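Engineer: Chains A and B, in that order, give the protein sequences.
Letter by letter, the first sequence follows residues 1332 to 1596 of the numbering used here.
Letter by letter, the second sequence follows residues 46 to 327 of the numbering used here.
Fair warning: there could be bad hints in the mix.
Under the rule of at most 25 Å between Cα atoms (straight-line distance), these lysine to aspartate or glutamate pairs were calculated in the DMTMM-like manner [stated by the list, open to error]: (1) Lys201/B to Asp1398/A; (2) Lys1453/A to Glu209/B; (3) Lys206/B to Asp1522/A; (4) Lys206/B to Asp1566/A; (5) Lys1508/A to Glu209/B; (6) Lys206/B to Asp1422/A; (7) Lys206/B to Glu1462/A; (8) Lys1429/A to Glu209/B; (9) Lys206/B to Glu1530/A.
Negatives, chain B to chain A, calculated, CB over 10 Å [said to hold, decoys possible]: (10) Arg47; (11) Cys61; (12) Val64; (13) Gly87; (14) Gln169; (15) Val208; (16) Ala210; (17) Gly213; (18) Ala224; (19) Ser291.
Label-pair restraints from in silico Cβ distances [claimed, not checked]: (20) Ala74/B to Asp1482/A: 26 to 36 Å; (21) Arg142/B to Leu1534/A: 20 to 30 Å; (22) Arg1457/A to Arg218/B: 30 to 40 Å; (23) Val312/B to Gly1420/A: 45 to 55 Å; (24) Val312/B to Leu1399/A: 50 to 60 Å.
FYI, nobody ran anything at the bench for these hints, they're computed from the structure.
Computed from a predicted structure; not experimentally measured.
Positions of the beta carbon are idealized from the N, C-alpha and C atoms, including for glycine.
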Amino acid sequence: MSDCCPPPVATDVAPILEARGLEVRAQGRALVRKVNFSVRRGQVFGLIGPSGAGKSTLLRALNRLADLIPGLRVSGDVRLHGQSIYAPGTDVNALREKVGMLFQQPVVFPTSIAENVLFGAKRLRRLSRGERAELVESALTESALWDEVKDRLKHPATALSVGQQQRLCLARTLAVKSEIILMDEPTSALDPKATQAIEELILRLKERHTIIIVTHNVSQARRVTDWIACVCVRDGVGEIVESACCDAVLDNPQCREVIEYLSHA
Amino acid sequence: MRKSLDFLLATITAFCALVAVALLVGLVAVIAQRGGPAVNWGFLTEQIRLVGAAGGIFWNLVGTLILLASALVVCLPLSVGLALVERVWLQREGSRRLLRTLLYTLNGVPSIVFGLFGFVVFVQWCGWGKSWLSGGLVLALMMIPTVTVSLIERLKAVPAKYVEAAAGLGLNRAQIVWAVLLPQAWGGVVTGSLLGLARAAGEVAPIMFTATIFAGATLPKGIKESPVLSLPYHIFILAQDSFDPSVGSKLWGAALVLLALVLFLSVIALPSRLKLHEEANV
């Protein structure tokens, strides 16, 4: 571990999420293996690396969305607040409520803007009409979309631009009060302006949330992440080959695969 | 050479299409021509008289609608349940295939066999005698494969991203079914139901032993021994037993009304069927 920058929070604080010996296999073949990392509260944790190294798969193992993909098997362990999320009897739905996800392509439901914000929240909790309106406003404000849509909350969400849709998806996750937000290349479908809006949001959100972001964009990683794990392919299988604070990985990579990846990126 | 082959193929396919259209148009034309004169307001609103030689088909129409409505009410929840079992609750492909095979087999069972089954189970074993409910249940069984398969196809077409996004918010399976799958696949239920009803409306075999008589029934008052009149059975009996020439036009009139009912059910299913193709093109 380098001493270029201090960890964002004291290291003696227990990690909010940690992966221990995590391995994901599909049809008997390993996609990623030997994954160990820990994420602290309020951190923006970046996963970078070449395409096909299994970053998205790894991300889906962190809130067990991987369970939905037929043929995937996860071994090893992920601990949220010290509790294994793969222990028998784990409430998977409660887990996903706490560990939300933002996808590469924004997924808005074919309904109104307000209903999209409430899509999860109103089904997970009993909300009065007033609480709903309040929640719509607070979640949209937090995702920096309120001013753009406050006059058309009843309009179809599919009419929004892709960048606005992505922020709407973020609002939907914020509305269920996720502690950790997993982001799978959230800006790869967006133009530079919309990308900037999302990056500014990430920096603001980390005051209250912990973010794990997969990105292909090295300058984006430099702008938003505190800590980076570089996932590269070794012997045909994705592994975390280097993990350090952001600048250390990007400016002074130690590992051959990372040097090669950064020189092409 | 290639050009003439292309022309030949185009001609053959156009001819085949023409034959299909001509058959439909010819069928409708013959029935309309023969039955048209018999169909008027009185024909639709009066009850049967003189063993079908006079009067109308009011109670036959009502009886058929009662049978269809009860079949639909029974079939809908069962079909939605079966489709959800196949798509959501069964995890292994083997068991899914088994369920689908059972549905296709059920679809292939001849309607007369359904009729005999209904006779043995509902009429005799349950002791209902000839009853609208026996007929409704038998028709429901016949409709289940159509409605279920139609809904399964629609559920398959629901993009996985919606399910993933809903699951990512922490919704459980039942919530995903209600919030995502059923709203998006509802068109499949409508299409399947209308097509199933269109088929059930014209069947004689399933109801002739179980539910319907030729004359002397109006609104059923209970379940036991409460038969109804029906259009297909009416046509069947008139066509088979009547030597009275005055019955002829009444027979064709009833056939025309039945045909109109079936066409109507198929046509109102169209918009929702076309919508599926539009979505598939996006």
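Engineer: Hint by hint, say whether it matches the structure.
Structural biologist: Hint check results:
| no. | hint | in the structure |
| --- | --- | --- |
| 1 | Lys201/B to Asp1398/A | holds (18 Å) |
| 2 | Lys1453/A to Glu209/B | holds (18 Å) |
| 3 | Lys206/B to Asp1522/A | holds (22 Å) |
| 4 | Lys206/B to Asp1566/A | violated (31 Å) |
| 5 | Lys1508/A to Glu209/B | holds (18 Å) |
| 6 | Lys206/B to Asp1422/A | holds (22 Å) |
| 7 | Lys206/B to Glu1462/A | violated (28 Å) |
| 8 | Lys1429/A to Glu209/B | holds (15 Å) |
| 9 | Lys206/B to Glu1530/A | holds (23 Å) |
| 10 | Arg47 | holds (43 Å) |
| 11 | Cys61 | holds (39 Å) |
| 12 | Val64 | holds (41 Å) |
| 13 | Gly87 | holds (49 Å) |
| 14 | Gln169 | holds (46 Å) |
| 15 | Val208 | violated (7 Å) |
| 16 | Ala210 | violated (4 Å) |
| 17 | Gly213 | violated (4 Å) |
| 18 | Ala224 | violated (6 Å) |
| 19 | Ser291 | holds (58 Å) |
| 20 | Ala74/B to Asp1482/A: 26 to 36 Å | violated (57 Å) |
| 21 | Arg142/B to Leu1534/A: 20 to 30 Å | violated (51 Å) |
| 22 | Arg1457/A to Arg218/B: 30 to 40 Å | violated (20 Å) |
| 23 | Val312/B to Gly1420/A: 45 to 55 Å | holds (53 Å) |
| 24 | Val312/B to Leu1399/A: 50 to 60 Å | violated (39 Å) |
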